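Q: Since the structure of chain H is already known, use the hints to place chain D on it.
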Amino acid sequence: GESVGLHLPTLSVQEGDNSIINCAYSNSASDYFIWYKQESGKGPQFIIDIRSNMDKRQGQRVTVLLNKTVKHLSLQIAATQPGDSAVYFCAENTAGGGADGLTFGKGTHLIIQP
Amino acid sequence: DTGVSQDPRHKITKRGQNVTFRCDPISEHNRLYWYRQTLGQGPEFLTYFQNEAQLEKSRLLSDRFSAERPKGSFSTLEIQRTEQGDSAMYLCASSRLARVDNEQFFGPGTRLTVL
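Chains H and D supply the protein sequences, listed in that same order.
Each residue of the first sequence is one higher than the one before, counting from 15 in our numbering.
Each residue of the second sequence is one higher than the one before, counting from 11 in our numbering.
The following block holds chain H by itself, in its conformation from the complex (with noise of 0.2 angstroms):
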């Protein structure tokens, strides 16, 4: 089968507990960032995003961090339940009516413990 965590980072973490993913992006032009949730055999499942004018933004069980001094971007997911399991990747893209497509990082891999 695959093994998916072989080129991914793995955060495991208690099912009731707080996750933090975290995201590194390298092009200042970028404008928008959106976080994806992908599941074993399915395409990414948008889950947050977030403009650059914005430092936070809230949705349910998640919230979405931009520090743009730092180029770092952060998903915070409360509670976690088993159906969290997932590769999350983050997603970026640069102003101008969004004219390429998204550059996704490189993922990680969540773990919930029972």
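These aren't lab readings, by the way, just hints derived from the structure by calculation.
Hints may be right or wrong, so weigh each one.
Said to hold, decoys possible - Lysine-lysine pairs mimicking DSSO-like chemistry, simulated, CA-CA at most 27 angstroms apart: (1) D/Lys21 - H/Lys120; (2) D/Lys81 - D/Lys21; (3) H/Lys85 - H/Lys120; (4) H/Lys120 - D/Lys81; (5) H/Lys120 - H/Lys82; (6) H/Lys56 - D/Lys21; (7) D/Lys67 - H/Lys120; (8) H/Lys56 - D/Lys24.
Said to hold, decoys possible - From chain D, some residues computed to sit far from chain H (all C-beta separations above 12 angstroms): (9) Thr12; (10) Gly26; (11) Asn28; (12) Phe75; (13) Lys81; (14) Phe84; (15) Arg91; (16) Glu113.
Only a predicted model underlies this, so the values are computations on that prediction, with no experimental measurement involved.
Glycine included, C-beta positions come from ideal geometry on N, C-alpha and C.
A: Positioned in the frame of chain H, the structure of chain D alone reads:
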């Protein structure tokens, strides 16, 4: 189901054969994107369309790769003379017309295995 759909979900082919994949975007979305994802990596952007116009194709991996969206609705991605290195998941995504917040919705992907 009103999401992005892709067909086939799996394709096994022999080296040297041509393959074609289809993507049906969300109906009101003008933009359609193709990505490739190899094992353990994030998706890699290949090309995109705005309606029927292919606005970016310099990121296609080689001249063996081509994509079409003839009527501005569904799209096809063709790989000619497949090589074992083409084995990957091919993802399609769609989004509304140009906005700064370019939220893209992904399909389930087509997994290609080249023997």
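Q: Against which earlier hints does the structure fall short, listed by number upward?
A: Numbers 4, 16, in rising order.
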